[in-house]
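Here is what each chain is made of, one letter per residue.
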Amino acid sequence: DGGITQSPKYLFRKEGQNVTLSCEQNLNHDAMYWYRQDPGQGLRLIYYSQIVNDFQKGDIAEGYSVSREKKESFPLTVTSAQKNPTAFYLCASSPRDRDEQYFGPGTRLTVT
Amino acid sequence: QQQVKQSPQSLIVQKGGISIINCAYENTAFDYFPWYQQFPGKGPALLIAIRPDVSEKKEGRFTISFNKSAKQFSLHIMDSQPGDSATYFCAASNPDYKLSFGAGTTVTVRA
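Taken in sequence, the protein lines are chains U and C.
Here the first sequence stands for residues 38 to 149, numbered as in our numbering.
Here the second sequence stands for residues -2 to 108, numbered as in our numbering.
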């Protein structure tokens, strides 16, 4: 059963703590992406990776970090430097040299 | 600055009616224009997409109309059903495969 999994579905943290969101795909896709979604706004790109061991900043990378050590995994760390971390986080993947992006179910992060 | 402008923010349509959502862009390097459908608490699902060399694409009750000279594209949902009630996002992609999204349109279909 192929797809993208994100865990956990809901995550709660105290302000000042780093938190890591998981994203795994078994679609054999080369590229993976992280987006942030806020109410009434479209999706905004945080980081993306076209290939293992390489990644680039998106439009809103400040306060976030990623790693891409395996093709199937692209974890996102929300650091304490992110000023407004409460949001719905979406991971996506796409085949090499293709435009179509497929999304996971998302993780809703609440920081208080 | 949002590279893709989407309107309206929300719309209500009667069952069997037509829903129309519009998007406009400025960057002429965009070469791929998808639409995504998102239900509350779920990830977006790719619905239909078009490239600039085609003026219209139809898949079932969903049609994309594309106007390259006006830099506009739109989604038409024919014979709207209550199950179509969702938020719809237009997007546009550069040749480097980075998607820029519109702000979304919440569609409510009344039975």
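None of these hints come from the bench; they were simulated from the model.
Warning: the hint list may mix true and false statements.
[To be verified] No farther apart than 25 Å at their CA atoms in a straight line, the calculated lysine to any residue pairs in the SDA-like style are these:
hint, chain 1, residue 1, chain 2, residue 2
1, C, LYS39, U, ASP75
2, U, LYS120, U, ARG135
3, C, LYS95, U, VAL148
4, C, LYS2, U, GLY40
5, U, LYS120, U, PHE49
6, C, LYS95, U, GLN93
7, C, LYS95, C, ILE15
8, C, LYS39, U, LEU64
9, C, LYS95, U, PHE49
10, C, LYS95, U, GLN87
11, U, LYS94, C, TYR29
12, C, LYS68, C, LYS39
Bear in mind the structure is a predicted one, so any value in this text is a computation, not a measurement.
Starting from C/LYS95, check that the Cα of U/GLN93 is at most 25 Å away, please. Holds, at roughly 11 Å.
Does C/LYS95 pair with U/VAL148 here, judged by a C-alpha cut-off of 25 Å? violated, 28 Å
Check the hint pairing C/LYS95 with U/GLN87 against an upper bound of 25 Å on the C-alpha distance. Holds, at roughly 11 Å.
With a cut-off of 25 Å on the C-alpha distance, tell me whether C/LYS95 and U/PHE49 pass. Roughly 30 Å between the alpha carbons, so the hint for C/LYS95 and U/PHE49 is violated.
Against the 25 Å threshold, does the CA-CA distance of C/LYS2 and U/GLY40 hold or violate the hint? Cα-Cα ~30 Å, so violated.
Given the hint that C/LYS95 pairs with C/ILE15, test it: the Cα-Cα distance must not exceed 25 Å. Measuring from Cα to Cα gives roughly 31 Å; hence the hint is violated.
Does U/LYS120 pair with U/ARG135 here, judged by a C-alpha cut-off of 25 Å? violated, 33 Å
Holds or violated: are the alpha carbons of C/LYS68 and C/LYS39 at most 25 Å from each other? Status violated; Cα separation ~30 Å.
Is it true that the CA of C/LYS39 sits at most 25 Å from the CA of U/ASP75? holds, 13 Å
25 Å Cα cutoff - pair U/LYS120, U/PHE49: holds, 16 Å
Would you check the hint for C/LYS39 and U/LEU64, treating anything up to 25 Å between C-alpha atoms as holding? With Cα atoms ~19 Å apart, C/LYS39 and U/LEU64 stay inside 25 Å; holds.
Hinted pair, alpha-carbon criterion (25 Å max): U/LYS94, C/TYR29. Please report holds or violated. holds, 21 Å
Consistency note: the structure conflicts with the earlier hints numbered 2, 3, 4, 7, 9 and 12.
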